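Novice: Sequence:
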Amino acid sequence: MGIRKSKKRYASIAAVAAAVVIGLTGCSTSSSGSSSGPGESSSAFHGSQNETYYMVTFLSGIEYWKGVYAGMQAAAKDLGVKTVFTGAPQYDINQEVTTMQQVIAKKPAGIMVTSINAQALTPVINQAIAAGIPVISFDSDAPQSERYAYLGTSNVEAGQKAADYLGQQLNGKGEVAVISTPGELNLDQRVQGFREEMSQKYPGIKIVAVQNGNSDQIKTAQVTSALLQSYPGLGGIFATEADEGTGAATAVKEANKTGSVKIVSFDTDKATLDAIKSGEITATVAQGTWNMGFWGLMDLFTIHHNLLTPVANWKQSGVDPVPPQVDTGVTIVTSKNVDAYLSK
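Take 21 as the starting number for the sequence shown in this note's numbering and just add one per residue.
Because the hints were derived from the structure by calculation, they are not lab data.
Careful: at least some of the hints might be erroneous.
Claimed, not checked - Computed cross-link-like contacts, BS3-like style, restricted to lysine-lysine with a CA-CA straight-line distance of at most 30 Å: (1) Lys221 to Lys193; (2) Lys97 to Lys335; (3) Lys290 to Lys97; (4) Lys239 to Lys297; (5) Lys221 to Lys277; (6) Lys181 to Lys290; (7) Lys181 to Lys297; (8) Lys239 to Lys273; (9) Lys127 to Lys86; (10) Lys86 to Lys102; (11) Lys86 to Lys273; (12) Lys277 to Lys356; (13) Lys335 to Lys127; (14) Lys356 to Lys221; (15) Lys226 to Lys239; (16) Lys356 to Lys290; (17) Lys226 to Lys277; (18) Lys221 to Lys297; (19) Lys181 to Lys86; (20) Lys221 to Lys181.
Note that the structure is a prediction, hence the values are computed from the model and not measured.
Could you put the whole structure together from the sequences, leaning on the hints where they help?
Specialist: Here it is, written out as structure tokens:
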């Protein structure tokens with residue numbers, strides 16, 4: 021289709037526009053939408069039980085995806101449609117590509133996908149679009165693909181917030197390390213934001229190493245142990261995803277440095293929240309996962325039913341009917357507010 025995506029974020033526009041559209045639905049029971057005139061919206065916000073939307077991930081067994089899928093299920097209940105969660109069980113590029121191809125063969129009404137690797141997923145996303153299946157990207161984007169929209173964290177800004185919090189905890193001085201998984205766009209962007217913020221705002225803090233934790237607790241614990249030996253004065257660690265955060269905390273605890281080495285992690289799985297409660301992790305960056313799932317399905321439904329017509333022949337004109345990029349926001353979780361997340 022060649023739809024070109026804007027780089028601007030439209031979170032507030034998306035929320036307001038969707039709320040208005042849903043508010044206009046009234047008591048409609050139509051199972052399929054009809055095209056409306058340019059600049060108008062349809063009231064046919066009700067689908068069919070034969071209508072199925074898929075969510076595709078990598079590392080499908082991790083707790084993180086549950087929040088996204090919960091939002092997707094909530095939207096599905098409102099719309100009267102079915103959802104299926106599937107994905108690659110391991111951190112494997114080929115597995116996720118194969119899973120996407122299998123889902124495309126089922127000819128679903130739409131697909132939400134998070135990309136383990138943007139370059140690898142782009143061709144298969146475009147394959148779905150060419151087959152007439154709308155695709156929404158979430159959490160980790162494939163920005164050069166023909167996906168209609170990306171809903172997720174502004175990862176550069178999230179990395180900046182992590183750096184700002186850690187910088188304050190260290191009073192602007194000392195040595196820190198970063199543990200991440202290179203090649204995954206959202207994690208790379210978090211590292212980028214962290215580097216930028218530390219350089220600009222905390223010149224007294226030196227990033228002594230950026231290490232690969234491979235999104236694995238055991239490997240991260242090994243990497244962290246080596247870092248603690250190489251840099252005995254290490255004061256802080258930024259882990260760009262949850263398993264790396266808990267892995268780092270394990271190594272720091274084994275070295276009897278809990279509390280003296282500040283750890284800022286990512287996401288709100290129970291292990292991370294428990295570690296904040298016990299003081300083993302200083303803070304974590306919580307993403308708006310539920311929003312990704314809810315509004316992602318709303319976008320897919322809108323496109324599948326052609327409910328919004330911003331201009332006549334929007335497909336041929338290259339005009340995206342939904343906001344192409346939505347920042348679902350982050351919150352810093354510490355010992356002060358962790359109970360609110362544990363009670364979910």
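Novice: Hints numbered earlier in the text: which of these fail when held up against the supplied structure?
Specialist: none
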